[in-house]
Structures are given as C-alpha cells and as structure tokens.
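Student: Taking the hints into account, I'd like the entire structure generated from these sequences.
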Amino acid sequence: MEFETGRSPAIQMSPRQRWSIAFTYMLIILGLALGLNQRDSTLNLASEYSNLEAGISAKYPARWLLEETGAFIFRVRDMAHRGFNTVIEVSAAPVGSDTSERNILDQLTLQRAQVLTDYTVLAYDEFRLADDSPAISMSYSFVSRDSNPFLEGVSSIVYGLDILTVRRGQALIIAFRADADIYHRELETLRWFVQNLEF
Amino acid sequence: MNNLRFCVILLITLMYVRAWTQSPTALDIDRIKRATVFIYQAKNVNNALVIKCVSSGTLISADGLIITNAHSVLPSDACDGDQLIVSLSVDLSEPPIPKYRAEVFSADDGLDIAVLRIARELDGRLIAKGELPILPFADIGNSDDVAIDHNLIVAGYPDLGNQAVATARGTVTAFIAEPIGRGPSWFKTRAEIPGTMSGGGAYNSAGLLIGIPTSAPLGSLAAGESCRYIADTNGDGLVNASDICVPIGDFVSTIRPIRHALSLIRGARNGLTAQLISAPAETSPPLNPPRVNRLFFAPSVNDGAPSTVVGSMPNNTKSLYLFFDYDNMKPQTVYELTVSRDGIEDTVFSLPPVRWSGRENGLWHIGSREQAWANGAYEFTLYIDGANAGSQRIVVGGSADSRSQFSDIVFGTLDQNDSLVGNGSILPLGDIASARFLYTNMPRGIPWSAIWYFGGVEVARTADLWTDASHGAKVIRVAPNGGLLPGSYRLELYIDGALSATSDFIVSGRPAGPLPEIFSRLRHAAAASPSAARAAAPASSFPTSIPAIYALFDWHQLAAGTPWTLRWLVDDQVFFETTTPWLTVESGSDFTLALTNPPDGSYKLQLLVNNLKLIEQEATVGIGQLPIDRLARFEGAILSGKVYDATTGHGIPSITIVLISADYTASEFEWREDQIVALAKSDRNGDFQFARPLAFDTPYSVAIEADGYIPHAADEFTFSADQPFADIEIAMVRG
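First to last, the sequence lines map onto chains A and B.
Counting from 1, one number per residue, gives the positions in the first sequence under the working numbering.
Counting from 1001, one number per residue, gives the positions in the second sequence under the working numbering.
No incorrect hints appear here.
Estimated spans, in silico, between C-beta atoms of each pair:
#1 A:Gln114 <-> B:Arg1169: 40 to 46 angstroms
#2 A:Gly169 <-> B:Gly1271: 27 to 33 angstroms
#3 B:Gly1183 <-> A:Glu48: 56 to 62 angstroms
#4 B:Glu1131 <-> A:Ala180: 19 to 25 angstroms
#5 A:Gln114 <-> B:Asn1302: 52 to 58 angstroms
It should be emphasised that the hints constitute simulated quantities derived from the structure, not laboratory data.
Think of the CB as a built atom: it goes at the ideal place given N, C-alpha and C, for glycine as much as any other residue.
Tutor: Here it is in structure tokens:
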C-alpha cells in the first residue's frame, strides 16, 4: 500500500480576510498603546498650584492632598502611601540683615526637636535650584507615629530634607519628608517638584 | 473564576456599616467615661518620676482642656509634684493608660478647681498647636437647673489607676450655701464616691457635666484609709511606711457645681489670661493658726450679711445659716462642718473636709435654704485642719415665737429729708455713717444697745431703753472722732444683752453725692509695655491679633485689706474674676491690668467692692465677637472601623481614610483640604477612628487610595441621632 505524502493544499485567504487580521492586530497594538499612555498619564499627571499673594506657583503630583491651612504657604501629601505620607511643604520665614541661612535652619532644628521624636540632623549640603541658583539643604530623620491615643499606632522612621534659599528678604523653605523605606525613590518627586517651582 | 470574584467584590465594594443603636442613657455613660481621665501629680526625683498625688478629671474640650480639683494638681505641702501625667481610658473595660503631660492653665485654690491643658506627649515632647488629636470631651451643663432629688451620675477612677473608669449613681440630697457667688456652693449626695474619684465629673441624667466631686484630704496624712504606699520611693528595695504615701482621700459626698468653674473654663477655652500688673507681690501666708469665733445662726442672708440673729427656729424651718468670723485662713486650709441632731450626725447638712474658699479673714456663713430641717436640737461643729474650732447649738421646733428682734441692717448717709441714701454697704469718706434697721415685737422699756466697730475695735456704743413703737424701722448713726476713715466697719445690735442683728460696711472713696467714687478713669490702651500703656491714649477698639491690651484706673481712699473684685467679661460672659484684699496705697493712679493675646471679642471690665459694681468699661478687639468654635459641643456620631485585605481578611496598617464633606461626592473629590471633613489612619490592626464627631443626618463620603490596592470610594453615609457610634468595615482589593 502506498501512501502519498505531502502538504495539504493551502487555504487560500481572500485579501479582505488578510486585511481584517491585520486591522485586528493593529487595533490590539493601538489599544495597548493607548492603555499604556493612559496609565502613564494618570501616574504622571500633575496638578497646578499658584498663590499670587506669596508669588509662588508649582506643579505637584496629581491625587496628592493639597493643604493651605497651617504654618506654611502650602503643602502636598501623598495620601495613598501606606505608612508615613510623603509630604512636600513650602513655607516662608522672615530674614533679618544679620540672619544667615544656618541661623534659620538651626532655628528649625530647635523647634522640631521639641515636637518630633528622636529628631536628628544628618547633614548640611549645597543644593542647586532649577535656575541654578544656590540653596542650602539640611537632611534629618525622626520617628513618626499616629497620635490617636485610642489606637495602636505604628511608628515610622522618616527622612527629611529641607531646601532653603533666601530671596527678596525672606527665606523660602521647601521641606520634604518621606518614609525611610521609600525616601530615595521619592527624592525624584522632590526634584521634579523643585524643577517646576516658581517663586 | 478569581477575576469574577474580584469583580463582584469590587462592584459591591463590601462596605458594611454597623450602627450601634443604644438607649440615650447608655450612650451618655460611654461618652462620659471616654471623657474621664486619671491624673498623676508626680515629682522628678533623681531622674525618676515619683507619684505624689492622684485624682480624676474630665476632658471638657476637643483640644485637651481638663477640669479637675486644684488640691491634687497644684503644688502644696501634701502634693509637691511638678509634673502632671494624664491617663486615658483607651479601653473602657481596662485601667487607664498614661498618654500625655498637662500643665495648669488656670486654677482657683479655694474653690478647688483647676483647668489643665494637655501640652506634651508622655515623653515630654511639646504638642504643636493643632497636632493634638480631637479628644472626646464632656459637654458642660447648667448646674443652676439642678434640684433636690435630681439624679446624678458621677464618673471617675475608683482606685490608684488599677481599675477601669467607673460611674456611681445617686441623687442630690441637699444644697449647701456659702458666700462664694450665686447659687449653691455645694451639692450633697449619698452616692458612693471613692476619694480618687474626686476631681472627676458629676453629670445630670442628660449626660451634661454639672459638677465636680470634691473632697480635700487633710494635709497631715497617716497611712490607712486616706493614703497608699505604691512604690519604693526611697530606693531601699521595700515598699513600706518609709516611702511616699499617695493620698486618696475619704469617700466624697460633696460636688462643686460647675457654675463656679465657668469663668475658668471660658478663659481657658479662649486662651485668655489676665494679669494684675500693679498688684504687689502676694503677701506671705498668715503665721498664726486659723481660728473661728462669734458663731451664731440666721434664718436668711442679705447680701452676705445675716438678716437677723436667732437662737431657735420654729417648726417647718426651711432655711438656716451658721455665721462665724474667721482669721488666718489660707486656701489650703481644710475645713469641715458636722451637724448633729439630737446627738446623731445629720449627714445631709454636714460638710465633709473641703478647701477653704474664703479670704484670710472676714465673716462667713454656711447653710441651706428651701430644705426642710427636722425638729430637734442641732449642734454645729467646725473643724479646721482636722481640729475642733468651735461649735454652736440651735433648737428647731415649736411655734414661731414673738420675741423682740432687730433685722435687715442697711448703711448709708442721710439726705436733706433724713432719708437714708446710698448703696447699702459702702459709704464714702465723711463724718457720719447711718444705719437703718427693722424692729419687731419691741416692748417699751426693753434695754437695747448698738456697738460700732472699725477694724475690729469698738469706736462707739449707745445703750438705752426702747422708746419707739413695737414694729417699724429705725435709723441710728455714728460720728467717730476724726471722721470716717477708710476701712471696714461693723454694727452689732443687742436686745437685752443678746446679739439680735449685725452687719458690716466699708468706708472708701471720695464722695460723689451719696455714693462713693472709689475707682475712676477706667480705660483701655494698646502699648508695647505696661509703662508705655500709662502714657498711651485711651482707646475702645483694637485690631485683631493685638499682642496685649491694657486696662488702667485710678483709685481713691481704698484702705489696705479691703476686698475688691476684678471681673472681666468677653461677649458678656465672665472669663476672669478675682476677689482679693487691696494691698497697695490708699489712693493712686494708673493701676494697670493686662490681657494678652485676646481673640476677637467684646471685652468688658468691671470693678466691684462688696459685690457692688462701681465702674465698668468696654473695649472691642477685631470684629467684636468671639470666633465660632465648631467643636464647642460634642454632638454627632463617632465613626470608627477596620480596613482589611479582601483576600486575606487581615487588617491593613497605615492606610489613610478620607472623609469627604457633605458638599461633595466621592467622584467630585479633588484632593483639596477644603473638601475634607477628617482624616484617619489605620493602626497596626487595621483599626481606625475619626476623632471628631460627625454631624447627624449629613451625607458624608469616604475615599481611600492605597498603594497596592484598588482605590475605594463610597457615598451617602448618614448617621441619625440614635447612632452616636458607627462601625465601618472596608475590604480592600489588591490591584
């Protein structure tokens, strides 16, 4: 018995079918691209803040909580982070003719040591702002704990970085604080914030 | 299948609200207990805190104001601590846990009331303004509405911090009156109140704070019922009688009505502190031992003076007061009155040991009205610092007698028509003082006499046989050699050698018609310092956020030792009141007072002598009205709950839960502060609690965004008035 071997005859697709398949692939790719783009847009979306009275405008990550009531011009907090909520706080302080930048930072240190647990200054450094103007930075750490006395609050080690510059007779302080675990990652957010800060 | 399950979980969002519907009374007790704190007064000895005194207290504001007894928190011989530790009932079924440190904001030693403010974390760190979580607190009620037989709930800690917060129920059995302002000075109760509950709260049946259970332990303590040895304070490895004994006091049966604390509370809530800049430094306390004398009874009181003097009272007596003179008393002096009827102690009208709330010397009374005194032979015995200081007897019963009597003495000067004019108890400097009194059942020929005293020394005496009618009013006068000098005077009227009426008056001030002008040129000023204020132009309105306003006045012929009262009001409510002896020169100008950091409001300053308002001046700061405190009353639902992982069922720590204002839905929420009512963060078990109460019948929304979980939102949370506590369980879906 003889067997015939060979390929079965090819199924012939019509040009219309070919185009349909091609369009389907293209739609999938387009959908994926749009989805990725939407995701990136959502993740990188920025909100804008401006305060004419203080002469400040800034961009900050979307879906961070904006607050303007307190001893600061404004601050934004990442409420989605579990643990200490990353915060960027912008405040101003009066400066006298004899006041140095270190005087202001030391004053901050004295105040914070009264209210923050285990507040420790880690280092002082130079910092370049977006316009390449010089500023001074102070890094520090402390322990934060939810203060509700009726709950079993969890403590977090927090790293902070103050960026201080003196302009037009007043000191502008950008205070950045984040959970120690994500501090270095969140520094990118701070840099982006500083790049977009106008004052 | 897994995806389908997640979708279902996501769609229904698994938000489950469980509201506890309880009867109002049960809810009130929980709320009362949450607001009750335990206070340690401790001293730092060799870097260790040694407990000196303990007391209960009550949170009266969301920002950490506490009201308690002064005797256990102010430094004294018995309680010489320098730190105040505040413990809260985190779990109402467990003993309290130390959480904070407090400081005394204001206090009245004699009234035995102190208002504390939570100022530091337990480790000593300052609590920045606005950083203290909103704490549960008790609403203040009106103690003037309390009547005999009204129900009381007393809250406090029944031991030295070993037991959970407790309540005791009882009724008001009597009112005790003393000359310390309007209304009863004390409520009496038979509720079983341990000594450590002193300083806690007494509530009416609506759960409103109407008093402070108060009992003062004696300064000298012996081990036993009234103190406990709880720690090795001398480091000898033993806890015994060589260590410091913590006083706990005896059972409490007296409650200080909250009315007497209102000015302290108001001042503390608004951060108002008044300073008497020109007042000389406080004089040293009296060296001689305290004493009382001239004990007598009166059926009623007229402006602090006895209407008449009685030796017996008829059937159906409902008002009786014991009067006595006192000397060398201090606010730390503990006094006690025991009343016995036919040899058996009458606990209703007795006053257990309490702090002295009067001045160093003067005329005092203690008694009650509108309460039935059973017939019998009563003996009133006064104890000062635990020692018998004097006693007096009176018989109640029998028919109303028709004995001769003088009563209702008032003082003044005579006008051209020989009519007595003046304010009744203060006369200006002059030559003659007149007194008018009523007389009844006076037979002709009965001997009577009048004795006038100045500064405790007799200056005039008249003795005669009665020649007037049997009933009427009579005016007598005195003209001392050298005229009336500034100071305190007294008139005693006797019938047939027995004291029948007595009253005191003050001579002070320059004549301004029949009335004295003691104070003048009362004015307000803004300045950088007190000395600058004296030169500053008077003003009646000041800008918002002014650091201080000063008040100044001149004074005329006010003798040293004369009691005067300074009363300061904001928006017509007293926030500062003090009555002290005048300690500076008789006449002068620019006596200076200061009010630091006054908030916007309408301020009125009043100066009084003998409870008579002699002058007042008003000034406004900012808009002339106090800012509205949205958290002034504790009304609404407490929302708590748990956030857990929908897959594992375990609580998720450190998640922030956002409660959105009723003006927005969750989809309209744009992460702006003004859209948020409150934030809460879950603890290590996933439990959370919004500290501030949420308004009833108001639709709230909740939003949660957490790294690693699908965002979560829900609208239309409302709580009705019968749901003061609500529990939410929120399942978070990983994504």
